[in-house]
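> Could you put together the complete structure from these sequences and hints?
If you read the sequences in order, they're chains A and B. Here numbering that gives the first Met the number 0 is used: the first residue of the first sequence is 0, the next is one more, and so on. Here numbering that gives the first Met the number 0 is used: the first residue of the second sequence is 0, the next is one more, and so on.
Some hints could be false.
No copy is singled out in the list; a pair is fine if it fits within one copy or between any two copies.
Claimed, not checked - In silico PhoX-like links for lysine-lysine, alpha-carbon gap of 25 Å or less:
#1 K239 - K137
#2 K3 - K138
#3 K137 - K249
#4 K138 - K60
#5 K129 - K4
#6 K106 - K200
#7 K137 - K205
What the hints contain is simulated information worked out from the structure, not anything from laboratory work. Every value quoted in this text rests on a predicted model; they were computed, and no experiment measured them.
Listed below are the residues making up each chain.
Protein chains: 2
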Amino acid sequence: MVEKKEVYGHVLNIRRLGRVGFIVLRTFDGIEQVTVKRNIVGEDIWKTFTELGFEYFIRVKGEYVTSSIAKLGHEIIAEELEVIAPSKPLPIDLSDKVEAEFPTRIKYRYLDIRRPKVRAIFRVRSTLLKAAREYFYKKGFVELNFPIIIATATEGGANLFKVTYFDKIAYLAQSAQLYKQSAIPAFGKVFTIGPSFRAEKSRTRKHLTEFWQIDVEKALTTPDELMEIQFRLVKYIYEKIHEENENELKILNVKLEVPEYYHKLSYEEALEVIKRKGFDIQWGDDFGSDEERALCNEFDVPFFVTEFPEQVVAFYYKLKDEDPRMAHRIDMYGPGQYGVEWSSGGLREHDPKRLRERMIAKGLNPESFSWYLDMFEYGFPPHGGFGIGVERLLQTILQLEKIHEAALYPRTPDILEP
Amino acid sequence: MVEKKEVYGHVLNIRRLGRVGFIVLRTFDGIEQVTVKRNIVGEDIWKTFTELGFEYFIRVKGEYVTSSIAKLGHEIIAEELEVIAPSKPLPIDLSDKVEAEFPTRIKYRYLDIRRPKVRAIFRVRSTLLKAAREYFYKKGFVELNFPIIIATATEGGANLFKVTYFDKIAYLAQSAQLYKQSAIPAFGKVFTIGPSFRAEKSRTRKHLTEFWQIDVEKALTTPDELMEIQFRLVKYIYEKIHEENENELKILNVKLEVPEYYHKLSYEEALEVIKRKGFDIQWGDDFGSDEERALCNEFDVPFFVTEFPEQVVAFYYKLKDEDPRMAHRIDMYGPGQYGVEWSSGGLREHDPKRLRERMIAKGLNPESFSWYLDMFEYGFPPHGGFGIGVERLLQTILQLEKIHEAALYPRTPDILEP
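Structure representation (structure tokens):
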């Protein structure tokens, strides 16, 4: 029996040898090879074939045969060939062979995303998001959506985008922090995956002004449990990508190593590592981008840095009872050359008096946080949580040099379009 | 064997009869009953018990016994009782018996969400989101995230929130429309669930300024397929809620009827129904809120209205070849008293020349949409899609009088906090 196949796709490559033509077609799912024989298709279709150009979107129907010549092992011998939508000459090359400069790629991002490598990144991103949610659903976490437009600065004044909200001034949420905490007395364990915004003029390989974050908060938790949840989550994500994106990993030339364990070091131990790498860093400093990079390079599995000096943590972190110079903040890092800070988290202060003191000590006005402070007056459970940057996690997993590759339409201080 | 149980929860109710006390505890998962006997717990714990108030967050441990008196059929006979976090007297009642006025509930939303009815709404919302994504994953749709901060007005000028983006003016995306279309040549079928923003001063039962939308786009589709996808999706969501939220539906007193079929009527037929209900509406008018309400009340299963006059549709809808006064727009509505417009969608125009003409006809400046118009020059597949409002779907499913109930922290022209 003869098998017929009909496919739609974009013309990726065309070749002609006398009265025979070959088309490589990029379909939505993969690649198809098409052979066009002048004596089979007749003059009209042959003319259509000879006028094809790159990225024409066409329909082809014909016999689907195995072939020892075709690279894919099978091909379609065209009987019908129809142009659904022609294409102008392309301003950038869409094969993965010659990659345009980054600014040009971003200018034509709506074309750039057709490239197999770029498509592969976003198919993996889709798996990452799906796996993260699956993990939390299975553990009984409730998924909530927190507001993006907020009246007060979430974590203190700076780095916020202003929104004109009718006749008021509002801001874009830097994180779900205050709101996810507010859901703790009602739900006990919650998560959200949504956009966050930072108006930082950082032009680094790891900063976006608009990014997605996996935000998690849990009542009655411990630092050890928070690390365990994060490690299990990340491991699950790696496993799912390994299972579901074999083809994409091949296109991206990434050998995925599912992490089997993690390291844990104190802030002081991390400082030592960074100093040993030749950086001039003092106790009480937060890690800069270069220092962080040096630190990540020391590890080949994910690692946590625990307990930071109180001066580098936000007001809502709980200080250690035994040593109030230190706070229960825990950061998770991706390992290796493409490693980066994946998450920040830890235990939260839930005593409204101490929260008020911490705000004042950090130069914040408690009046701006009145509803937030008020909520802790009504039987508020001890709790903790974390926020993992989706693009940062993807950057490490897929070994992307720049975080911009991990966002479909990246936003930076310089990029606002398309 | 004696079974011991340890629970954490908020004090929902307290009663005392001589040397015996009773506590109803709201845990994160449900309700527990606790009996405190003075002769078992001793004087210190008895004193702690007598000083308890509503919403104290406590830990209780003791024998877990079946009981013919306890409403739940079992109770904990306290041996340990510890206050983890006390509570000030509550500004609003947190039982479902006496419901505070809506503005008061919103002012104290972080307390209001502890109420069983409110918790139930958001557990169902979590199921809705999970089910929607499951549906699209199974069908091979790729999940993407589109930008929130955009340089140009998405659907034409009005109703946009302005953002100060460093030294530029930007806007909050009204929908993922232009961006989800841009992903069509690369991925063929895509979806996203994310926040959208409309700066409309509408103070109705169905408007929020910040809301979540299920946005879907598919290459090579037809009006019939778009209706079929939406109906199957909604049916799947109903089924999952029916399966996973029995308890929540009981708390909310909602009898869920999974829809087994849908109705389909033309714009003209819908006009007839609305006129019959006594409204003065003309051919070429869009439906107002009251008219829509009257229409929904006529149906007891979801229904579609198909083919709208071109003057009421956005520029990106495809006009009918046979009758260019009409556009391929399809709206889906929820049925009954709590019914509302759930979605808008349809076939899109993918010819850049015609798109430009449509923009000009609608009073838009094609220059502002240059990247969007440009992308259609490069082999752009015919396509269509839709966007379903998450809160609107939830409003109908859970029979909520106001859409504000379906958002954890609703945003309206008047509500920006908490």
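> Within a copy, between copies, both or neither: which one fits K138 and K60 at a CA-CA cutoff of 25 Å?
This pair counts as between: shortest inter-copy Cα distance 24 Å, intra-copy 48 Å.
> Using 25 Å as the alpha-carbon threshold, which applies to K3 and K138: within, between, both, or neither?
between (47 Å within a copy, 23 Å between copies)
> Checking K137 and K249: alpha-carbon separation at most 25 Å within a copy, between copies, both or neither?
Classified as between: cross-chain Cα gap 23 Å, same-chain 30 Å, threshold 25 Å.
> Give the relationship of K106 and K200 under a CA distance limit of 25 Å: within one copy only, between copies only, both, or neither.
within (20 Å within a copy, 35 Å between copies)
> How would you label the pair K129, K4 (within, between, both, or neither) given a Cα cut-off of 25 Å?
Neither, since 32 Å and 35 Å both go past 25 Å.
> From the Cα coordinates, with 25 Å as the cut-off, is the pair K137 and K205 best called within, between, both, or neither?
neither (31 Å within a copy, 33 Å between copies)
> Have a look at K239 and K137 and pick one of within, between, both or neither, based on CA distance no larger than 25 Å.
both (15 Å within a copy, 15 Å between copies)
Consistency with the previously given hints fails for numbers 5, 7, ordered from lowest to highest.
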